[in-house]
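Put together the whole structure using the sequences plus the hints.
Position 16 of the sequence shown, counted from 1, bears residue number 16 in UniProt numbering, the numbering being contiguous throughout.
Don't read these hints as lab results, they were simulated from the structure. Check each hint, because a few of them may be wrong.
To be verified - Pairs of lysine-lysine, BS3-like flavour, derived with a Cα cap of 30 Å:
#	residue 1	residue 2
1	Lys190	Lys163
2	Lys8	Lys165
3	Lys39	Lys10
4	Lys10	Lys37
5	Lys165	Lys253
6	Lys163	Lys8
Stated by the list, open to error - Cβ-Cβ distance ranges computed for the label pairs, FRET-style:
#	residue 1	residue 2	range
7	Glu44	Glu267	22 to 28 Å
8	Glu267	Lys165	17 to 23 Å
9	Gly114	Ile228	25 to 31 Å
10	Ala40	Gln235	32 to 38 Å
11	Asn123	Pro250	19 to 25 Å
12	Thr109	Lys212	34 to 40 Å
Where a beta carbon is used, it is the ideal one built from N, C-alpha and C, also for glycine.
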Amino acid sequence: MPFYAVAKGKETGIYSTWDDCQLQVKGFSGAIYKKFKTKAEAEEFIEKKSEPVKKKRKIEYTEEDEIRDILKFVETCEDEEIPTSSTNKSTNKDYSKPKIKSELPGETTLKKYGKYIFNEDANGFVHVFTDGSCESNGSKFARAGLGVYFGKNHPLNASEPVKGKATNNVGEIQASIKAIESAQSCEIRKLNIFTDSQYLMNSICIWMPKWKKNKWMLANQKEVKNKIDFQRLDQLINSGNMLIKWSYIPAHKGHDGNEAADRLAKEGAQRYKF
Numbered sequence: 001m002p003f004y005a006v007a008k009g010k011e012t013g014i015y016s017t018w019d020d021c022q023l024q025v026k027g028f029s030g031a032i033y034k035k036f037k038t039k040a041e042a043e044e045f046i047e048k049k050s051e052p053v054k055k056k057r058k059i060e061y062t063e064e065d066e067i068r069d070i071l072k073f074v075e076t077c078e079d080e081e082i083p084t085s086s087t088n089k090s091t092n093k094d095y096s097k098p099k100i101k102s103e104l105p106g107e108t109t110l111k112k113y114g115k116y117i118f119n120e121d122a123n124g125f126v127h128v129f130t131d132g133s134c135e136s137n138g139s140k141f142a143r144a145g146l147g148v149y150f151g152k153n154h155p156l157n158a159s160e161p162v163k164g165k166a167t168n169n170v171g172e173i174q175a176s177i178k179a180i181e182s183a184q185s186c187e188i189r190k191l192n193i194f195t196d197s198q199y200l201m202n203s204i205c206i207w208m209p210k211w212k213k214n215k216w217m218l219a220n221q222k223e224v225k226n227k228i229d230f231q232r233l234d235q236l237i238n239s240g241n242m243l244i245k246w247s248y249i250p251a252h253k254g255h256d257g258n259e260a261a262d263r264l265a266k267e268g269a270q271r272y273k274f
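Written out as structure tokens, the structure is:
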């Protein structure tokens with residue numbers, strides 16, 4: 001069967017029919033899409049063609065309060081770590097939009113939090129991998145799920161259908177929410193979330209502070225997509241009881257944690273009910 005990859009359109013994703021693909025690109029200025037024989041080729045096309053964050057473009061909202069808001073809940077989104085607001089005071093410096101830098105997990109050791117054992121790195125961050133999955137993304141027959149992977153056979157691993165609209169992006173957001181909630185239940189203080197979603201990374205590192213300032217409205221006066229999920233994620237990030245580090249990891253490059261989260265998300269999507 002063919003695979004239609006939409007790298008830039010109304011909803012990024014892989015579609016099994018031309019009609020589904022056409023819904024995402026028709027009337028969308030600058031749409032980028034292509035037909036492939038294998039899903040792997042389609043995924044690689046999306047990864048290469050998806051619009052990256054431009055290095056030289058500056059964040060438009062450079063007032064002190066907004067920069068502090070960014071620093072408050074993002075620790076790493078650039079080549080170097082961004083310290084949190086508790087350890088760094090804002091300046092009048094213009095902050096470039098963060099680049100999406102891939103970061104592979106380093107060595108970890110086992111440490112117990114609550115009733116469970118977790119993988120923790122030398123800096124005290126517990127590692128977790130999250131992913132979203134959606135079959136027929138963008139169509140009325142879409143099925144979406146979320147995957148959370150703390151380790152092999154870990155009791156807190158999660159494979160669930162998404163709640164609400166079935167899209168890949170919803171799966172990505174809800175997976176990160178699930179990971180944070182699970183970590184908080186064990187009183188974990190430092191969490192490193194590994195995701196292969198550029199959409200999620202951009203949302204957290206760049207867009208969310210502006211959305212909040214504009215009361216979750218876009219410049220065109222339309223409501224932010226997935227607002228309810230983003231508001232819940234923002235609430236968790238700013239709860240004040242956990243330091244969260246966000247790391248981008250390329251999809252389908254053979255890393256066990258990412259592959260496991262992907263499998264869990266796909267299994268969750270199979271249980272989605274219309």
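Here is how each hint holds up against the structure:
no., hint, verdict
1, Lys190 - Lys163, "holds (27 Å)"
2, Lys8 - Lys165, "holds (20 Å)"
3, Lys39 - Lys10, "holds (20 Å)"
4, Lys10 - Lys37, "holds (23 Å)"
5, Lys165 - Lys253, "holds (28 Å)"
6, Lys163 - Lys8, "holds (25 Å)"
7, Glu44 - Glu267: 22 to 28 Å, "holds (23 Å)"
8, Glu267 - Lys165: 17 to 23 Å, "holds (19 Å)"
9, Gly114 - Ile228: 25 to 31 Å, "holds (28 Å)"
10, Ala40 - Gln235: 32 to 38 Å, "holds (37 Å)"
11, Asn123 - Pro250: 19 to 25 Å, "holds (22 Å)"
12, Thr109 - Lys212: 34 to 40 Å, "holds (37 Å)"
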